[in-house]
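Line by line, the protein sequences are chains A and B.
The first sequence maps to residues 179 to 824 in my numbering.
The second sequence maps to residues 179 to 824 in my numbering.
No lab work stands behind these hints: they were computed from the structure.
Since this is a predicted model, take the numbers as computed values, not measurements.
Please note: incorrect hints may appear among the correct ones.
It does not matter which identical chain is used: a pair holds within one copy or between any two.
Unchecked claim - For lysine-lysine, the following PhoX-like pairs were computed, each having C-alpha atoms within a straight-line distance of at most 20 Å: (1) K794 - K806; (2) K794 - K223; (3) K442 - K223; (4) K603 - K445; (5) K445 - K738; (6) K789 - K442; (7) K603 - K794; (8) K806 - K789; (9) K789 - K603; (10) K622 - K608; (11) K806 - K738; (12) K598 - K608; (13) K223 - K445.
Number of protein chains: 2
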Amino acid sequence: MDIDEYNGTAVMRRTVGERPRRSWRSWLIGRPLPTADAPHQTIGKLIGLAVFSSDAMSSVAYATQEILIILAVAGTAAFSYSIPLAVAIVVLLAIVIFSYEQTIHAYPSGGGSYIVARDNLGELPAQIAAAALLTDYILTVAVSVSSGVAQVVSAYPALFPWRVWVSVALVFFVMLVNLRGVRESGITFAIPTYFFLVMMYMTVGWGVIRWLTGSLGTVVNPPEMEIVQTLQAVTPFLILKAFASGTSALTGVEAISNGIPAFKEPKSRNAGITLIWMASILGSLLLLITILAHQIQALPSESETIISQLARTVFEERGILYLLTIAATMVILVMAANTAFADFPRLSAIAATDGFLPRQFTYRGSRLVYSRGIVALAFIASALIIIFRASVTRLIPLYAIGVFVSFTLSQAGMAHRWWKSGHLKPGEEKVERGSTLRYDPAWKYKMVINGFGASVTAVIALVFGATKFSDGAWIVVFLIPLQVFIFSSIHHHYRSVADRLSLEHFGAYPRISRHRVILLVGGVHRGSLAALRYARTLSDDITAVYVSIDPNEAAKLQKKWEIWGEGVRLVILDSPYRLFLEPLLEYIEEIDEQRQANEIITVVVPQFVPKHWWAKFLHARTADTLRKVLLNRTEIVITEVPYEVH
Amino acid sequence: MDIDEYNGTAVMRRTVGERPRRSWRSWLIGRPLPTADAPHQTIGKLIGLAVFSSDAMSSVAYATQEILIILAVAGTAAFSYSIPLAVAIVVLLAIVIFSYEQTIHAYPSGGGSYIVARDNLGELPAQIAAAALLTDYILTVAVSVSSGVAQVVSAYPALFPWRVWVSVALVFFVMLVNLRGVRESGITFAIPTYFFLVMMYMTVGWGVIRWLTGSLGTVVNPPEMEIVQTLQAVTPFLILKAFASGTSALTGVEAISNGIPAFKEPKSRNAGITLIWMASILGSLLLLITILAHQIQALPSESETIISQLARTVFEERGILYLLTIAATMVILVMAANTAFADFPRLSAIAATDGFLPRQFTYRGSRLVYSRGIVALAFIASALIIIFRASVTRLIPLYAIGVFVSFTLSQAGMAHRWWKSGHLKPGEEKVERGSTLRYDPAWKYKMVINGFGASVTAVIALVFGATKFSDGAWIVVFLIPLQVFIFSSIHHHYRSVADRLSLEHFGAYPRISRHRVILLVGGVHRGSLAALRYARTLSDDITAVYVSIDPNEAAKLQKKWEIWGEGVRLVILDSPYRLFLEPLLEYIEEIDEQRQANEIITVVVPQFVPKHWWAKFLHARTADTLRKVLLNRTEIVITEVPYEVH
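Isolated chain A, as found in the complex (with noise of 0.2 Å):
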């Protein structure tokens, strides 16, 4: 195809680039998948719940733990308390659930706290959600990673000094996968999550079967706690953050929500089952592990999970059911982190779409995945380990608070939503926001259910927020506005930007009436000329200039100018002071300020262009300076004469 063939408004199109080179990434993460080959699949609720509940159930393995390091500043007798307090995050779960149902059911193509606030709230509560959802993704990878490898130091404790670069490198395990970009087929999710499944059963089962025939026993040299120098008393205060820490549990619920359009149909109907059996297994898991952990009298410690406690003490030692029980809730934890590979970039590809966060989220690397983000999440999940010492314990005080943010806001928009249902006919359809509202005539039962699920997770946040404020609460408290802040000033610059750069009530450009041309010179040499020959078919205006450090030096320009120049005026600008860059953007400017209307101003430089990479540090890089500086203050064109090539 020869396109000298066309003229006049020939459009042309062709397809290049069929097959990419290969390089280190491509066997890295494979080879590159072109855009068609996007993938669309559906499945049942067994796979789904598999699929989508990773997050949710993995978080059994740390939430007991967490709510008795709390009690543990009251002394062991306030480990009694735990029993009541998984009661009642059990109830709020249920609570949760009930109103996520009514979600489901009204989003059937996809939920998730940022697009139900973004179509029933607006722009602010929607950049709201996006943060405390992006910043519980993070949290997720950060606390399951954290945990998991907590679990594999219980069982092997010489690698807790390397437990923190044990965590990165799963990190980054993960990201590498997630780059890839695995054809997600049920089965890599079923195993796991069933494997796990059985295990837990099968320890809190024998475990209450031996309590219940009382030969269950206590743990066999537990580990050792943390000394608390006075112990304090059980106040309303201490019970609240023991609950909050708890409420950790609850991280994940909202996954089937997001993941609807993937279910098999109905998949309204087929997702929320799936949620039901999610929330009886999170509950009932949560509730027995909570029980028997205080039976055995475990301790919480950063040596030993309570997990592995209570496994050992359940089987009796540390034989293949232990061991077992403890790759499972390391597996299982480690595909949670997993579950927020796929989420985060998802939501900021999603963000991006619509201006809050830079454009290249949407772009989708060599393997269709959103790579920026997944690269992205890796290295601030990352940053958190380590800052955090891979320590759950620490980084607790940092997660719920954004996902009851996200909670509140779905379930506010929900209920929002109901009440402009209401309003309408019976039979009427409106449009609002690319979402279709319908009449649905149980709407104030509705309202009430996502409402009253809204106002227990707002107080749930606020609880939060108070009870651990000071151990790291604060760091979300802050970061959540900022981010915000980002989002909006984001969206603004786009905006603004599509704005000035519109056609709208755009006529014309004025013809060009005069182009003046500065070429620079450093030298009089094969190189200089041929840009002086380039510049010759720009323009008659030609100014050639030179900045004079040694008068020896230009002197000699001088004259070799006088044979070599083709009578272009030469401009030498002595620098008293050995600057280069100054006096050019000195007499550069002062030019542009004559400027007259319509006239243009190029800057030539030829460009030396070095055979080998290293040589460029044998040459004053200013042409490279000058170009960044130009750029950056006037409407000036610059155009590089490269010489010296291969």
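Position chain B against the provided structure of chain A, taking the given hints into account.
For chain B alone, coordinates are given in the frame of chain A:
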């Protein structure tokens, strides 16, 4: 002044940048100085001794100690060898000085090893001398500052854990002083140098008197030596190794031969006398310190220097005289480091002018000093201090080898010079490589002196390299050839670039027969239309190119282009792998291959220039990347038309 008045081959000079802007830099290192301010002043012998001797004389602060540390592996009984070793080093000093006297008279304009080797032996020996000297200057800074801090730590042991950072801070302090380019009024050098000489002679003088009167005694509470597990025998190897350590006393004696032009007339005579004074002081101090250290049974240690042990034993307490001695020693050592900060940048600038180092080293900064050399020296020396934990003993094995290599080359160069001058007729003069050669009737005698000096120092260099090889000398043995390789590569690069750009045998570039323009469009907006308008001033042969990742977007763009594109043909490149750069490059290369002789291709890139610096992160900076890749690949002119500027 309006440059528009000029037409034809007008050449115009003007001075710009009269009052450079003040910035954080000028706050740190002072206001910029104009080139005309470069200083010229000459100094007498007493001031000359102070200015050029601090490096040499300061070595008495560590030379004795380093001899003792080597002998210590054979037990304290071996310490008695230190006295004959000191005598041997003084003899060596006499030989070197005798040899250098001749250099001073033959090179009144300054005869550093590099210049003597370059003028008389050729390029490769000059490069070796440069490598050896630059290495030596770096080590002078590291060793002197470390030793200076070791003196302070002896007086204030609490500083011991901070010695590395105190040393690095001192290096950067000296760097700043040198960046300011303090006008070296001789007095700034004279005060600390003569203060040091007074304190040193007071210490050793009082020590000798007390020794002769029998009241000297031994060190009270000597520091703990490192425990040697099994004592070695006193082998010739050990003696040679101790001797090699002691030769570090000779570092810096070449300084006067570099500085001859600074002396008052008769320059050579004054410099020669100063050299003899310096050698006498250095020799006498080294001998007396070594004898007294043996007398008081001082023990070499990282925690207290020999100077400190000597001073507190002589003065019987850690009183004012002791502290003044420590302070004087510390200051002279910092002065020695300061000397290297003058020598290293100057030698780099000379070598850069000869094309062996990046040309950037020849630029003088705002304060008229070779700032890049100064900064480079500070960073490399600090790195060494950090790596070797500010331990003089660990640094010494790297130190003197470079010094003796440069001594050897300098003396060998002189010997060769006498040989050549002997082959001239009496009264004849010959200019060779920039220096004037005259017949000298005593040439044979002088050749023997320098030849003997060269042989002795060559043997010492070999002894040093062999005995210290595994202690660290291998680093230098490896680094010097590496540097020589780098110097040659740089030299080759500069020469070959100059050849290829040379206008000798160059006629003229042929006329440009066709100008083809490729206009990149990412969208149709005011920015791309501004670029289109500019492109139309360049040529009528324009192709707009758009890379399509999303077919819907491409269709929209095509419609808009049909309205706004002024009939310019549009090529849409479909990119199935969502790549942007690769398809463009493939397309441009294809066009480049079809290029005929004297055809020019210009790529016009609309360049988005954000208002705020942070906004650049919100836009794909493909233009930047494209520019870098294109510049490195092909002979294509790149034109950036900025838009969305303030």
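Right, here's what the structure says about each hint:
1. K794 - K806: both (17 Å within a copy, 13 Å between copies)
2. K794 - K223: Neither. Shortest intra-copy (61 Å) and inter-copy (45 Å) distances fail the 20 Å Cα cut-off.
3. K442 - K223: within (8 Å within a copy, 98 Å between copies)
4. K603 - K445: neither (27 Å within a copy, 109 Å between copies)
5. K445 - K738: Result: close neither inside a copy nor across copies, 81 Å intra and 40 Å inter.
6. K789 - K442: neither (59 Å within a copy, 49 Å between copies)
7. K603 - K794: neither (73 Å within a copy, 49 Å between copies)
8. K806 - K789: Between. Shortest inter-copy distance 14 Å satisfies the 20 Å Cα cut-off; intra-copy 23 Å does not.
9. K789 - K603: For K789 and K603, the Cα distance exceeds 20 Å both inside one copy (75 Å) and across copies (50 Å).
10. K622 - K608: within (18 Å within a copy, 111 Å between copies)
11. K806 - K738: neither (30 Å within a copy, 31 Å between copies)
12. K598 - K608: Only inside one copy: K598 and K608 sit 10 Å apart there, 104 Å across copies, limit 20 Å.
13. K223 - K445: Within. Shortest intra-copy distance 10 Å satisfies the 20 Å Cα cut-off; inter-copy 98 Å does not.
Figure legend: structure checked against the earlier numbered hints; hints not met, in rising order: 2, 4, 5, 6, 7, 9, 11.
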